[in-house]
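Asker: Between the sequences and the hints, there should be enough to build the whole structure, so can you do that?
Chains as they are written, first to last, in the working numbering: chain A, 105 to 422; chain B, 105 to 422; chain C, 105 to 422; chain D, 34 to 133; chain E, 34 to 133; chain F, 34 to 133.
Rather than coming from a laboratory, the hints here were simulated on the basis of the structure. Any given hint could turn out to be false.
As the list claims (entries may be wrong) - Here are the simulated DSSO-like cross-link-like pairs (lysine-lysine), alpha carbons at most 27 Å apart as the crow flies: (1) D:K132 x F:K74; (2) B:K191 x E:K74; (3) B:K191 x B:K253; (4) C:K191 x F:K74; (5) F:K56 x D:K56; (6) F:K74 x F:K56; (7) E:K56 x A:K253; (8) E:K132 x F:K74; (9) C:K191 x C:K253; (10) A:K191 x A:K253; (11) E:K56 x E:K74; (12) F:K74 x C:K253; (13) D:K74 x D:K56; (14) D:K56 x B:K191; (15) D:K132 x D:K56; (16) F:K132 x A:K191; (17) F:K56 x F:K132; (18) D:K56 x C:K191; (19) E:K56 x E:K132; (20) E:K74 x F:K132; (21) E:K56 x D:K74; (22) D:K56 x B:K253; (23) E:K74 x A:K191; (24) D:K56 x E:K56.
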Amino acid sequence: MTSLDPIVLFFILGLSAGLLRSELRLPSAVYDLVSMVLLLAIGMKGGIELAKQPLIVLLPQMFWVMLMGLILPLLAYPVLRYVGHFKREDAASIAAHYGSVSVATYAVAVVYFASQQISFEAHMPLLLAVLEIPAILVGIVLARGLRSKMPLGALAHEVFLGKGIVLLVGGLLIGWIAGPQGIQSIAPLFFDLFYGILALFLLEMGLITAAQFGSLRRYGLFLILFGIGMPLVSAWIGIAFGYAMGFSVGGTAMLAILAASASYIAVPAAMRISVPQANPALSLAAALGVSFPFNVLVGIPLYYTFAVWTYSLLGAPR
Amino acid sequence: MTSLDPIVLFFILGLSAGLLRSELRLPSAVYDLVSMVLLLAIGMKGGIELAKQPLIVLLPQMFWVMLMGLILPLLAYPVLRYVGHFKREDAASIAAHYGSVSVATYAVAVVYFASQQISFEAHMPLLLAVLEIPAILVGIVLARGLRSKMPLGALAHEVFLGKGIVLLVGGLLIGWIAGPQGIQSIAPLFFDLFYGILALFLLEMGLITAAQFGSLRRYGLFLILFGIGMPLVSAWIGIAFGYAMGFSVGGTAMLAILAASASYIAVPAAMRISVPQANPALSLAAALGVSFPFNVLVGIPLYYTFAVWTYSLLGAPR
Amino acid sequence: MTSLDPIVLFFILGLSAGLLRSELRLPSAVYDLVSMVLLLAIGMKGGIELAKQPLIVLLPQMFWVMLMGLILPLLAYPVLRYVGHFKREDAASIAAHYGSVSVATYAVAVVYFASQQISFEAHMPLLLAVLEIPAILVGIVLARGLRSKMPLGALAHEVFLGKGIVLLVGGLLIGWIAGPQGIQSIAPLFFDLFYGILALFLLEMGLITAAQFGSLRRYGLFLILFGIGMPLVSAWIGIAFGYAMGFSVGGTAMLAILAASASYIAVPAAMRISVPQANPALSLAAALGVSFPFNVLVGIPLYYTFAVWTYSLLGAPR
Amino acid sequence: MSPCTRKLLTIITEAALENVLLKDLDRLGAQGYTLSDARGKGHRGIRSSAWDASSNIRVEVVCNEVTAEAITAHLQANYYNDYAMILFVSDVTVLRPEKF
Amino acid sequence: MSPCTRKLLTIITEAALENVLLKDLDRLGAQGYTLSDARGKGHRGIRSSAWDASSNIRVEVVCNEVTAEAITAHLQANYYNDYAMILFVSDVTVLRPEKF
Amino acid sequence: MSPCTRKLLTIITEAALENVLLKDLDRLGAQGYTLSDARGKGHRGIRSSAWDASSNIRVEVVCNEVTAEAITAHLQANYYNDYAMILFVSDVTVLRPEKF
Ligand SMILES: Nc1ncnc2c1ncn2[C@@H]1O[C@H](COP(=O)(O)O)[C@@H](O)[C@H]1O
Ligand SMILES: Nc1ncnc2c1ncn2[C@@H]1O[C@H](COP(=O)(O)O)[C@@H](O)[C@H]1O
Ligand SMILES: Nc1ncnc2c1ncn2[C@@H]1O[C@H](COP(=O)(O)O)[C@@H](O)[C@H]1O
Ligand code: NA
Ligand code: NA
Ligand code: NA
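Answerer: Shown next, in the form of structure tokens:
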């Protein structure tokens, strides 16, 4: 991402303030407000697009994307377990984080694509929501085995009724039902302020990221390498899926970005309850301490370049 | 209200999330911020209108509306006491809630009227502020008798200096003094974002409403019937007053909506201090658990239809 | 300031609510959010201007302004110590508050200048940031003597990495790097809403100011006289510096306002840690209880008038 | 300034009672108090702190035994029946006993 | 309504555990509980409360000795190894002992 | 893992002191601490938590007696005169005493 975008500068400000141990600290109520508005806005943006096309057309895409969300953690797990020598639960939990997605990374990508006038499939937020969940299930099975007697009800509750999913899917439904006309009255808050609110959110994300660096130092080099390497690999998988599904270059790049991003909202909460033996500091250090800044500062334009290469090499799909 | 309006969809989202016991929970600081902006905005909207006409003209209206605020709880009390068999203090407290008004219901009605291009007397927020208080006094007298030795100072403090009244009346005064020109600089926050902020508020209201359903189940059918029946009756009284005062159809409908709405900010706080024997769960279950959703989802367009009937039957007033 | 400006009316509303002991209280998270947005916005406004001119040109100005920040507390100290008979630490701490600046006062002045279409040097936020700090150092030396063995690291940390400075300077840098084009996407939040957010902030400031009146009553008349007299003197010093630096009338008036304003964010925090023997109630009572309302209600237009007189008497500088 | 024993009174009750309660504490001889916001569950159901009417406060008062008993008796007489409220007392050691 | 002794159990743990923990408390016989948000530091590092994953909660339960022991044993068996959690118990005097 | 007695130190003081105080606690041997925001009233007047300069924090430290005394002495020597601060100590039973 062009490092001059003010959105990214806010992230860097937060990161620097955190690393310099400044007094700057946002109250958690502000974090909650800001992330709530972002999730609803992203959901509604996607929902408006859903209103324009029959949902049935999107079912195959949802299926393929779900498949991608199952494959990514299965790919990450052996690396973490056998190269990184993490214990089973930790490997499974980290894998789940990387199979799922980061809404903040998506939001920054949306800003980047807008500034570069790259268009992409506008129902992407639907795929974002779909991608949140499968990796969680894979992570749990990897950690506990298939025969584990997890109370399924509690798990489904945790997964489908977590704050992030409810707001994202709620936004999708509201956008879908209300449509572009209906949503206009609330556009000043949710759409006009989107960039500004994202800036505040990234300021906070910078502070949170800085707080992960301590664990990073403790858990060492492998986590850093994984936190950069895994997104690079995932991005190519995302490109493969996007190409196979006949997406535009922009859409393919966006899917690559989703694949490369690592969750830090839905997955940590679900893993903490369903795989308590996993050390949450490890996954957050990797996802927030390494992959999030890497994706935001370097990855987003890079994955787009990957997608452009692919399309110029192979031609537009089908 | 047209169930497609996104404002109402946010309420339904909150309600569903609450009923499904989702993790979604807004910090109370967000609730405070959002309700503060709404109260100030509604006050200022009314204040701007006050600047356009001599206040003396409005004094009779304020008097009549105050009278309405005295009549409504006196009507509700015997029903609650002798049909519902509530103990004296509970009947008095519930009656006070229904004699007063709900700012959130008013805000949703404003949105509905705007979407339907129905005009109404623009100084309505003044009447809203006036209506908040008389029912509280009636409720206290009903509960404690006229000879009770309530410390009047403490009561006046509670009633006139509660958060809601201060912000609403403060907004009125600011709008009145600054006038439409003066207020322009702050319009982007208070007026352009009004719908969006109302949406967030209704999301939270949905969650709060869902939390009342537990008490509803406990206190049974009568409360549900009362929570629907009382607004229906009150609406007609509001229409009678509006018609008698020579209001437009829109203004009459709005007065009906105010009459039908039940307070959940000013009255609970005042009752808790001055009639502590009343169980607050009862009034909130009725006001928030039944009447608020009923008014928002069904009542607002219904009462408007009532007003239209009345005007087409009886002709415009005077 | 024209007492009709709604911004100021919000301050008066907060002040009245506080003095009447209303229930109105803003959660500290709202205070944090609102002040964060203001500081970032002011910083960015200044930063955008920095992008337009070589920084080297501003270095002399920064030097002179820093000098002013050293002189003001040295002037205030003997008055406080020998006329006011405050103990050494208290005199030093109060002096530091008056040598530094109040961002809220600056923000109100910006609104006033805009409404009166008075232009001023647009890099003023840079000077604002520069002015925050020197007085703190003077205050510490006055209180502890030059030979005191204050841990310099901890002090520098407190001074340069306090919340206010980080946000203001961070905003400056973001504005500078991103430039007017880059910042456009976040303008709806930070610039369009500026007045509205300032209104909320001043509402809270009114409540906080009211809370200082208790200490004022206790510490008596001298503090009130000082809280009015010191700004009047400082304003003339600001005018002298502005004139000497060749500023426009508006810029000179703004420098006078900065000089007259007294800090209540950066300085209290730094003094509390580095001069703990000073009673913080004294400085806050003077700075917030007297000088802030005086400057906002009376001082801002007054100092502008002073500047106009000066320029018409002496002619434009150089 | 040798250490000394005092009572720590903890009151958990509805936020609506805050103003009244703090005035009572002042009047009954408490030299100070500390408040924080809380949520919880008791005989009067769940109090979730989502908004004013369902918020709790948690008040702590360090005081001598006489004051503790006066406060306890006053609360029991005036609020215990009508408000969501619990109260418990424990022994604490304080410095500067003259403060409490 | 003479005063009576009970146990005050204070649990400080990760906010992620809130729902599960409160259900457990209900099941193990606690008549009520009080929660507030907290931050802190312990063997599992700094928990800053900046956002959900790093928030702590502070839960207080007033109960009789048997319940206190049941809760303690349950927490120790189920959560102590995997979660940031501490637990301490003190004696408190309560009014209306039948409530706890 | 039999239960064992420790001291619970509660410090209520100005939020401005947070950073300095936490560093001191670390240095004086506290194995952990828990913080929450608070407001209150004491000899230095009302601290309303409306904004930074008037906020209180409430810090709890569970530790052994020696550490408790060290912290108490340090706070009394360094902050008691200049800051709004109170401190009280009580006995608590903990599990896993090796943690504290
Ligand atoms: N056994 C308990 N332990 C801890 N807190 C309690 C207990 N019972 C009640 N509370 C708290 O006290 C408040 C009022 O209690 P109650 O009057 O029983 O509804 C509840 O909302 C809880 O926050
Ligand atoms: N010695 C202690 N005193 C007070 N609080 C503690 C202590 N140790 C841990 N805590 C709190 O308990 C939480 C979990 O502790 P731990 O499991 O040791 O990481 C920490 O985040 C602190 O809030
Ligand atoms: N007797 C008391 N009981 C409970 N908290 C107190 C008491 N005295 C003081 N405090 C708290 O300690 C803070 C500082 O006390 P002080 O130094 O006396 O002003 C106050 O703001 C209160 O939050
Ligand atoms: Na991913
Ligand atoms: Na009504
Ligand atoms: Na100054």
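Asker: Taking the earlier hints as the rules, which of them does this structure contradict?
Answerer: Failing hints, ascending: 2, 5, 8, 12, 14, 18 and 24.
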